[in-house]
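Chains S and Z, in that order, are what the protein sequence lines are. So for the first sequence, our numbering puts the first residue at 1; every next one is plus one. So for the second sequence, our numbering puts the first residue at 460; every next one is plus one.
Among the hints, a few may not be true.
Result set (BS3-like, lysine-lysine): computed pairs, CA atoms no more than 27 Å apart in a straight line [as the list claims (entries may be wrong)]:
#, chain 1, residue 1, chain 2, residue 2
1, Z, 728, S, 4
2, S, 130, Z, 523
3, S, 82, Z, 518
4, Z, 728, S, 68
5, Z, 523, S, 82
6, Z, 463, S, 176
7, S, 176, Z, 518
8, S, 240, Z, 728
9, S, 176, Z, 529
10, Z, 728, S, 130
11, S, 130, Z, 463
If you only want the chain S side, here are some residues facing chain Z, beta carbon under 8 Å, derived [unchecked claim]:
#, residue
12, 22
13, 24
14, 28
15, 34
16, 36
17, 118
18, 120
19, 146
20, 150
21, 162
22, 188
23, 216
24, 234
25, 249
26, 313
Hints are computed from structural coordinates only; laboratory data are not their basis. Ideal Cβ placement from N, Cα and C applies to all residues, glycine included.
Each chain is listed here by its residues.
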Amino acid sequence: MKDKQFWMITGGLTFAFLVYWSAGHPLFNPNRIVMFIAIVVIGATLLYNIRMAERGEEFYLRPIPGLKAVEEAVGRSTEMGKPVLFVPGIMDMDQVETVAGVIVLGHVSKMTARYETSLNVPVSRSIVMKAAREACRESYMMEGRPDMFHEDMVHYLTDDQFAYAAGVNGIMVREKPAACLYMGKFYAESLILAETGNSIGAIQIAGTASQAQIPFFVTACDYTLIGEEFFAASAYLSQKPELIGGVRGQDMVKAGVIATTILSLILFIGNLFELSSSKEWMDLKINNNSKSDTLNVKQWNKISDLMKYQWANNTINIPDSSILLMYGNLEYFDIGINRKLNFALETGNKYWRQLGFDYKEKKTNLNYALNNYSELNNDDDFWHNSKIKYGKSLWKELEIFEQDSLLSSGFTGFKKERVYYTLAEKNFVSSIVDSNYFMESWGSSQRSLPSIQSILTVQ
Amino acid sequence: MIWKRQIPILIVALVGAITLFGWFVEEPSIEAFVNDDATQWYDILASFAIILGAMNLIKLQLQKIARRKKGWPYSVVAIFGFLFAITAGFFIKGVDDSVAVWGAHVTTEGTLFKWMFDFMFTPLSATMFSLLAFFVASASYRAFRIRNFEASLLLVSGIIIMVGRVPIGSVISSWFIMYIIVLALGIGVNSWKKDKMITFGVVGIGLAVVTVAGIMTGWPLDQPGIFYLPIIQEWIYYYPNVAGTRAIMIGIGLGIFATSIRYILGIEKSYIGE
Numbered sequence: 001m002k003d004k005q006f007w008m009i010t011g012g013l014t015f016a017f018l019v020y021w022s023a024g025h026p027l028f029n030p031n032r033i034v035m036f037i038a039i040v041v042i043g044a045t046l047l048y049n050i051r052m053a054e055r056g057e058e059f060y061l062r063p064i065p066g067l068k069a070v071e072e073a074v075g076r077s078t079e080m081g082k083p084v085l086f087v088p089g090i091m092d093m094d095q096v097e098t099v100a101g102v103i104v105l106g107h108v109s110k111m112t113a114r115y116e117t118s119l120n121v122p123v124s125r126s127i128v129m130k131a132a133r134e135a136c137r138e139s140y141m142m143e144g145r146p147d148m149f150h151e152d153m154v155h156y157l158t159d160d161q162f163a164y165a166a167g168v169n170g171i172m173v174r175e176k177p178a179a180c181l182y183m184g185k186f187y188a189e190s191l192i193l194a195e196t197g198n199s200i201g202a203i204q205i206a207g208t209a210s211q212a213q214i215p216f217f218v219t220a221c222d223y224t225l226i227g228e229e230f231f232a233a234s235a236y237l238s239q240k241p242e243l244i245g246g247v248r249g250q251d252m253v254k255a256g257v258i259a260t261t262i263l264s265l266i267l268f269i270g271n272l273f274e275l276s277s278s279k280e281w282m283d284l285k286i287n288n289n290s291k292s293d294t295l296n297v298k299q300w301n302k303i304s305d306l307m308k309y310q311w312a313n314n315t316i317n318i319p320d321s322s323i324l325l326m327y328g329n330l331e332y333f334d335i336g337i338n339r340k341l342n343f344a345l346e347t348g349n350k351y352w353r354q355l356g357f358d359y360k361e362k363k364t365n366l367n368y369a370l371n372n373y374s375e376l377n378n379d380d381d382f383w384h385n386s387k388i389k390y391g392k393s394l395w396k397e398l399e400i401f402e403q404d405s406l407l408s409s410g411f412t413g414f415k416k417e418r419v420y421y422t423l424a425e426k427n428f429v430s431s432i433v434d435s436n437y438f439m440e441s442w443g444s445s446q447r448s449l450p451s452i453q454s455i456l457t458v459q
Numbered sequence: 460m461i462w463k464r465q466i467p468i469l470i471v472a473l474v475g476a477i478t479l480f481g482w483f484v485e486e487p488s489i490e491a492f493v494n495d496d497a498t499q500w501y502d503i504l505a506s507f508a509i510i511l512g513a514m515n516l517i518k519l520q521l522q523k524i525a526r527r528k529k530g531w532p533y534s535v536v537a538i539f540g541f542l543f544a545i546t547a548g549f550f551i552k553g554v555d556d557s558v559a560v561w562g563a564h565v566t567t568e569g570t571l572f573k574w575m576f577d578f579m580f581t582p583l584s585a586t587m588f589s590l591l592a593f594f595v596a597s598a599s600y601r602a603f604r605i606r607n608f609e610a611s612l613l614l615v616s617g618i619i620i621m622v623g624r625v626p627i628g629s630v631i632s633s634w635f636i637m638y639i640i641v642l643a644l645g646i647g648v649n650s651w652k653k654d655k656m657i658t659f660g661v662v663g664i665g666l667a668v669v670t671v672a673g674i675m676t677g678w679p680l681d682q683p684g685i686f687y688l689p690i691i692q693e694w695i696y697y698y699p700n701v702a703g704t705r706a707i708m709i710g711i712g713l714g715i716f717a718t719s720i721r722y723i724l725g726i727e728k729s730y731i732g733e
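Pulled out of the complex, with its shape left as it was, chain Z reads as follows (with noise of 0.2 Å):
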């Protein structure tokens, strides 16, 4: 049992105490495991577990196969690609080695798996990324659906957002978002006192407000400043976005100190199952 509780959590425990207080020691040799040793080390534990994935993944393909279950024709791609690949990096270079040796062959036009890579993976890559511009569509039309005043918020960010940041927005006179934001008013004026008069006192009150101004001041594009799409999506992205965003990163900095910790004292033992 020693073997399978103790001795896990004293490697833990050390080699976590030394990266952690490492950081504050000026010793060539303890800044060398900090920062190269100990990640090089876990690199040469990666690729040796490498095999072990591999051999899982070929088990369960032929498991597959032999048992003829559903999608089983996939297992057999699955297992081509899988040889052919190997084929491609060990055994069959496709060129002489005045052009590239093994190893360099990787990534050398004209052999066999850099073909593989190229027109192979690289296209079934980019097909799976562009999925994602479908899915960013559907996923923004879910969020920004009109359910409640978060989403409202959400959505009238995400319009000033997008239309700020691109040429367009910034041809949009701040007078107009003005006119818009007197008729928006009557909406909720509208909605909250449930009275014609008020609503149209309010609504033309306020586009006469706005006229006079704009008369005045000779209908400046840009001003006042805080109407004009680009300086709102700047103020939106610089102030509220960072200080949320930070909110945000104070606790998961926080959250991933504690869990260090609690590994290092040994206090968090459920990565060994209890």
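Isolated chain S, as found in the complex (with noise of 0.2 Å):
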């Protein structure tokens, strides 16, 4: 494609995508947008990269010593006067990894077809022995030797997983080939193999994106292609600008990526995510602190000795009776900070500090949409949205002193069962389990009412 026509291309679709977001976008599932900016940046990115190798830019391509030992492999089955085995994994077309497999036993198979040498290509789906069969087929007729190629090189064996182990198994055993090359997506089955392959003397080369398997294939091969590097086969092999292009695109994306995750760990380390100046947020530490601390000093009264020691310390040690005499002497504040916040994951009321970030964020705007209920009351959008976003289950969320606060605050002068009712009405609190925590929170003598039974009937 030349440029112009390629800018224009481009810009064509730019452009139509403007004019479909101006008009609404219909249609469009607004929760992927994230997901939907990272495909196109990404797709550009790619995009570019291929351009730029497609002009004729020269680009660095790390040796990879996996890809390297292909044709080594494959000269020292010629030399040895024995068969390439290729496996390309245990699942179907339907699995990136298995076409990325064909599509290196592709290159393979010009090499066998260069050499001379016999490739047996045992498989365990009938699309893929399809589709690698037409692989060799091509690769054999491009190096001029369509003699060569018989359909049988590629065989089923069978779709189940050990049985195809044993399969395969058996014909390393009996033929005893002198490279084996596993190329595509593996379970259990991938140690059976390779360590077969090794007990056989065969040198063998994997790649895979199977990330359980790639220990294993470390372990037993002489070679792997780990995750990219497996992917990077094809314009490894193929030296073409444009597959090349497309791998330098995926180390700038890499690039991009490491570099938005040391921002972040700067951000995470600085606090910097915290929101501090938002005021739902430092009343909501402030609020959680105190509660953790009142709770906390309850447990703290009631427990024995030997259990301040360990929760503070968390540890189960016993120790000395002076030790634990100092402890029982404690109060609660006395104890220091760090001693504080093991005692805290030891009773669950943790500190701020010590909760999620999506659980502190949750909390923060459920807080400020109780603090703006009065606003938000009539806004539809607005409980749309947060059901979305945090399921029907907002009643469940709250915990009880914010029950209270709520009912203190933002419903003066609302009996419990009306703020219950104007919940379900907004259809937040819907379901049966809902009713009955609310229940529950409530008290039993609550069920006599009216409107709470019509709104359990309902549901």
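Dock chain one against chain two, each of which comes alone in its own frame, and use the hints as you go.
This is how it looks when you write it as structure tokens:
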């Protein structure tokens, strides 16, 4: 594609999208906007680098020992007069790893055609068999050796995982291939295959994105393509500029991810994420900490000296009697901040800094909603969005003291049942579970109230 | 040529684009296509394709027998198994219709197919799976051999994880670990300085410091926490391990995305042999 065409298409698509967006973007799922932007940015980065490569810019591709060794492995098979065994994983063509495996097979079969070495490709899925056959056929044709290609070099064994492993192991033990290549998606059979290959003395190269299998391949194989290296294999083996450009694009995105991670870390360490200037946030922080203190003091006064020591020190150790005596004389507020935090973790009455970020954010937003309830009471969008965000369990999310504060502030003059009724009207608490929870929280005496009964009946 | 080149590329690009961008569209028919229809089409295609695989299997096994190739008796067993499974699946139920109708018979007790599954297939699969235990042992032996710094690190981490995760790990005092560390430090200092006096000095001071600290604090089993095996293993498991795993996952995710984009845009054409 020429530059002019490329920019015309890109510009046209961008313009069309802007028109669509300004027209209210009908049918677009707004909850996935972040992912959409990420895909567009990553896609654009990849395309930009591919264009650069096509225009003749040369990119450095880090040498990948595993891919360099593929030719070496085929050469070794040729010298020894033994076949090359290629295993494209046990999954179907709907897995990208299998597709990547078949792509590598295309390159490997070119080498086997060039070196006149026999190739054996047992597969576990019929569609993979057809795809792998086509890839091999094309490679042999391109190398000018169609006479060497025969369909049965790619053959079906079985769909079953361990039956397939048994079949491939049988081939290995009988034919003793000089090179075994495992490229695709693998599960528990990975080690069975790789160890058998190891036992027959074959040179082994594996490539997979199945994370759990990578350690097994690393242990049992001579070379392993880990994750992205496997997907870069096609670019590496073909040396096509457009594919190499794509690999560079990946690296650019990765650099962006690393930069974002470091930036997030700095923001996190500096507490810059905590929106500490927000009034809701600060109020909650103070309330939460004082609530934790109150509950922890109660707990502290109830438990034995040994438990005070163990909980405060996060230990299971039983100390000397002198240390125990010391803890017996300590008030809760006498212990240091770290011991307080340890204690709070044990009791479950955590301090603000011990809460997860999601939880903090949720509590802050809820608090905001409650503080501004009078304004938001008739704001259907707010209730709708909150429902989407927090599900139907707002009431369950509120702690008892928050429910009390709700009653004493936002709902001054409202009866308890009216609060629930209002929430139910907004479809905020609408399941039987929520109703039961509400009943548990507010006491069974409320059950006689007709409004509550009607809500329960309707639900 | 258009049927073997342009048309497949067009189909891949079209279906790929619909599947990718359909994820962002709130339209029931597109959502249904992305979530259900596309995968069901694939399943239907794969079901028909199984015939190709089965025919290929039979053809190769028959050829092996006819040509008396090495290991041909195994082919006889393979063909017998194939025919037996077909017979049990399609022709002989082994029970009346009142017990199980055709289709349900594959999971009903007492049928020939279920018998074959329970008493032939399952034990054979389990046999293969159980080989894994031995292979894990031999692979671990190779991985844990101390050859270089990384292998040593792997060995130490492996031992900490293994011991820290079993009950005995929680009764090993952190002071015992500290003594071991002091001794290991002695080995390190000895191979670095190669001086007995310095080595004994370091080990002696280390042992004394640990002993004095232990006496002062009452030898708590799990204190200091950084030398307590369950805590060390948890740290290794949740921090360095997760960091490495996530790095690989990000690479894999990008690799999958880049491969998919190359397919959708028709840049990668290796699957049709280009």
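Evaluation of the provided hints:
Distance restraint check for residue 728 of chain Z and residue 4 of chain S: the Cα-Cα separation of roughly 24 Å lies within the 27 Å cut-off, and the hinted pair is therefore satisfied. A distance of roughly 22 Å separates the Cα atoms of residue 130 of chain S and residue 523 of chain Z; the hinted pair therefore holds under the 27 Å criterion. Among the hinted pairs, residue 82 of chain S with residue 518 of chain Z is consistent with the structure: their alpha-carbon atoms are about 24 Å apart, no more than 27 Å. Between residue 728 of chain Z and residue 68 of chain S the alpha-carbon distance is near 22 Å, which keeps this suggested pair within the 27 Å criterion.
Distance check on the hinted pair: residue 523 of chain Z and residue 82 of chain S sit about 19 Å apart at the alpha-carbon level, within 27 Å; holds. A threshold of 27 Å between alpha carbons decides the hint, and for residue 463 of chain Z with residue 176 of chain S the separation of about 36 Å lies outside it, so the pair is violated. The straight-line distance between the Cα atoms of residue 176 of chain S and residue 518 of chain Z is roughly 23 Å, inside the 27 Å bound, and the hint therefore holds. This hinted pair checks out: residue 240 of chain S and residue 728 of chain Z have alpha carbons roughly 11 Å apart, not beyond 27 Å.
Taking the CA atoms of residue 176 of chain S and residue 529 of chain Z, the gap is near 13 Å; set against the 27 Å cutoff, the hint holds. Taking the CA atoms of residue 728 of chain Z and residue 130 of chain S, the gap is near 16 Å; set against the 27 Å cutoff, the hint holds. Simply put, residue 130 of chain S and residue 463 of chain Z have alpha-carbon atoms about 14 Å apart, close enough for the 27 Å limit, and the pair holds. Interface hint status for residue 22 of chain S: violated, as the beta-carbon distance to the closest one in chain Z is roughly 17 Å, over 8 Å.
Because the closest C-beta pair between residue 24 of chain S and chain Z is about 13 Å apart, greater than 8 Å, the hint is violated. Because the beta carbon of residue 28 of chain S sits about 6 Å from the nearest beta carbon in chain Z, less than 8 Å, this interface hint is met. At a threshold of 8 Å, the smallest CB-CB gap from residue 34 of chain S to chain Z is about 11 Å, leaving the interface hint violated. The restraint placing residue 36 of chain S at the interface with chain Z holds, with a minimum CB-CB distance near 5 Å, inside the 8 Å limit.
With its C-beta approaching chain Z no nearer than about 14 Å, residue 118 of chain S sits outside the 8 Å limit, and its interface hint is violated. Because the closest C-beta pair between residue 120 of chain S and chain Z is about 11 Å apart, greater than 8 Å, the hint is violated. Restraint check, residue 146 of chain S versus chain Z: the minimum CB separation of about 12 Å is more than 8 Å; hint violated. Of the supplied interface hints, the one on residue 150 of chain S is violated, with its beta-carbon coming no nearer than about 11 Å to a beta-carbon of chain Z, more than 8 Å.
The beta carbon of residue 162 of chain S comes within 4 Å of a beta carbon in chain Z, closer than 8 Å, and the hint placing it at the interface holds. Of the supplied interface hints, the one on residue 188 of chain S holds, with its beta-carbon coming within about 6 Å of a beta-carbon of chain Z, less than 8 Å. Satisfaction of the interface hint for residue 216 of chain S is found here, the shortest Cβ-Cβ separation to chain Z being roughly 6 Å, below the 8 Å cut-off. The beta carbon of residue 234 of chain S is positioned within 8 Å of a beta carbon in chain Z (closest approach about 6 Å), and the interface hint is therefore held.
Because the closest C-beta pair between residue 249 of chain S and chain Z is about 7 Å apart, less than 8 Å, the hint holds. Contact between residue 313 of chain S and chain Z, as hinted, is supported at the beta carbon level, the nearest pair being about 7 Å apart and thus within 8 Å.
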